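Chain A is fixed; fit chain B onto it per the hints.
There are 2 protein chains.
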Amino acid sequence: MARFVRRIPEGDNRERLVCADCDHIAYEIPKVVVGSVVVADGAVLMCRRAIEPRTGYWTLPAGYLELGETIEEGAMREAREEAQADIVLDGILAVFSIARIGQVQVIFRARFADEPTRHFAPGPESLEVGMFAWDAIPWDSIAFPSVRWALDAWRQSGPGPLGPPVGNPADDRRGTRRMTGPAQEAGL
Amino acid sequence: MARFVRRIPEGDNRERLVCADCDHIAYEIPKVVVGSVVVADGAVLMCRRAIEPRTGYWTLPAGYLELGETIEEGAMREAREEAQADIVLDGILAVFSIARIGQVQVIFRARFADEPTRHFAPGPESLEVGMFAWDAIPWDSIAFPSVRWALDAWRQSGPGPLGPPVGNPADDRRGTRRMTGPAQEAGL
Numbered sequence: 007m008a009r010f011v012r013r014i015p016e017g018d019n020r021e022r023l024v025c026a027d028c029d030h031i032a033y034e035i036p037k038v039v040v041g042s043v044v045v046a047d048g049a050v051l052m053c054r055r056a057i058e059p060r061t062g063y064w065t066l067p068a069g070y071l072e073l074g075e076t077i078e079e080g081a082m083r084e085a086r087e088e089a090q091a092d093i094v095l096d097g098i099l100a101v102f103s104i105a106r107i108g109q110v111q112v113i114f115r116a117r118f119a120d121e122p123t124r125h126f127a128p129g130p131e132s133l134e135v136g137m138f139a140w141d142a143i144p145w146d147s148i149a150f151p152s153v154r155w156a157l158d159a160w161r162q163s164g165p166g167p168l169g170p171p172v173g174n175p176a177d178d179r180r181g182t183r184r185m186t187g188p189a190q191e192a193g194l
Numbered sequence: 007m008a009r010f011v012r013r014i015p016e017g018d019n020r021e022r023l024v025c026a027d028c029d030h031i032a033y034e035i036p037k038v039v040v041g042s043v044v045v046a047d048g049a050v051l052m053c054r055r056a057i058e059p060r061t062g063y064w065t066l067p068a069g070y071l072e073l074g075e076t077i078e079e080g081a082m083r084e085a086r087e088e089a090q091a092d093i094v095l096d097g098i099l100a101v102f103s104i105a106r107i108g109q110v111q112v113i114f115r116a117r118f119a120d121e122p123t124r125h126f127a128p129g130p131e132s133l134e135v136g137m138f139a140w141d142a143i144p145w146d147s148i149a150f151p152s153v154r155w156a157l158d159a160w161r162q163s164g165p166g167p168l169g170p171p172v173g174n175p176a177d178d179r180r181g182t183r184r185m186t187g188p189a190q191e192a193g194l
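Read top to bottom, the protein sequences are chains A and B. Position 91 (the first sequence) corresponds to 97 in the numbering used here; numbering is contiguous. Position 115 (the second sequence) corresponds to 121 in the numbering used here; numbering is contiguous.
Only chain A is shown next, with the shape it has when bound in the complex (with noise of 0.2 Å):
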């Protein structure tokens, strides 16, 4: 394995992880994070986490960026991996900082594109998958923050057009606080 020593490379100005054994620098940057509030009849579609972390938590299909992706591209493909949706992306619903994790969320409402099947199903990251109304959202099984954070955006936007992405709440502007209750058990 790599041993990694923090020190500030030659014409940087900060620290960055440099491998002891080959010079490789491990920049630590931020990650992005691609997703989406999938909707149909006014319920939202969900995924029980079948990994780590929060194994057995709700989350939005949502996972990282990849390399030469879009972000349209990307929540596409997480729909797919993650719920076996096919989804169509009306537009930016949110944009959060988590500057605890250096993640960017990128976060699209999307419909399915197969009106009226609407087929879904768990992908091999979830333990099962289902549509939820309002009042039927697993509260108490939220995977993160920023999923509830998610869910807020969609209910505060309504069905109509989008307007400008919403940011993180107010009381959690750079995105450092952890869970409450269980996930806070957690570390999350």
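Since the hints were derived computationally from the structure, they do not count as laboratory data. Please note: incorrect hints may appear among the correct ones.
It does not matter which identical chain is used: a pair holds within one copy or between any two.
[As the list claims (entries may be wrong)] List of simulated lysine to aspartate or glutamate pairs, EDC-like, C-alpha gap at most 20 Å: (1) K37 with E134; (2) K37 with D177; (3) K37 with D178; (4) K37 with D27; (5) K37 with E79; (6) K37 with E72; (7) K37 with D120.
No experiment lies behind these values; they were computed from the predicted model shown.
Same frame as chain A, now just chain B:
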């Protein structure tokens, strides 16, 4: 220097760059660029690049988001670093995907924080910095296609409240085209 080979690491499903010496996986992940269209009296703040690539060409104050920053903090830092300007963000003007080089760009519309002084001056990465009315923008010396896209987004959206973020132009949805003209010769 690290010698990297391309192979699929155990438990993954894509080829990654793996160090032949130490097995470190250099994930090639998309990078987040944050920047601003800083507006005053219908003119926009632009910087002439002192660094490669595209030295001598004009750009907006923008750069890579650093770990631990929010997108807003990153955009404000870049305006300070490149144009010595303190800015206030109105909101997100545009979100672009440049799939060819693995970038997601979040571009804000902004104003000077020190109105009516509007202090700006070249930072270490800029040869000169100036305010340009639309017709005075150095269109023949723009550094990157996305600079033009952001300026177009500003022009289209006008000075009022921001709407949904502008995305890639219709003729380059994936962000794969290079500049035409002098920029093309520079390989951009």
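Now for the hints, and whether the structure bears them out:
no.	hint	result
1	K37 with E134	neither (26 Å within a copy, 32 Å between copies)
2	K37 with D177	neither (23 Å within a copy, 27 Å between copies)
3	K37 with D178	within (19 Å within a copy, 24 Å between copies)
4	K37 with D27	neither (26 Å within a copy, 26 Å between copies)
5	K37 with E79	both (16 Å within a copy, 16 Å between copies)
6	K37 with E72	both (10 Å within a copy, 10 Å between copies)
7	K37 with D120	neither (31 Å within a copy, 32 Å between copies)
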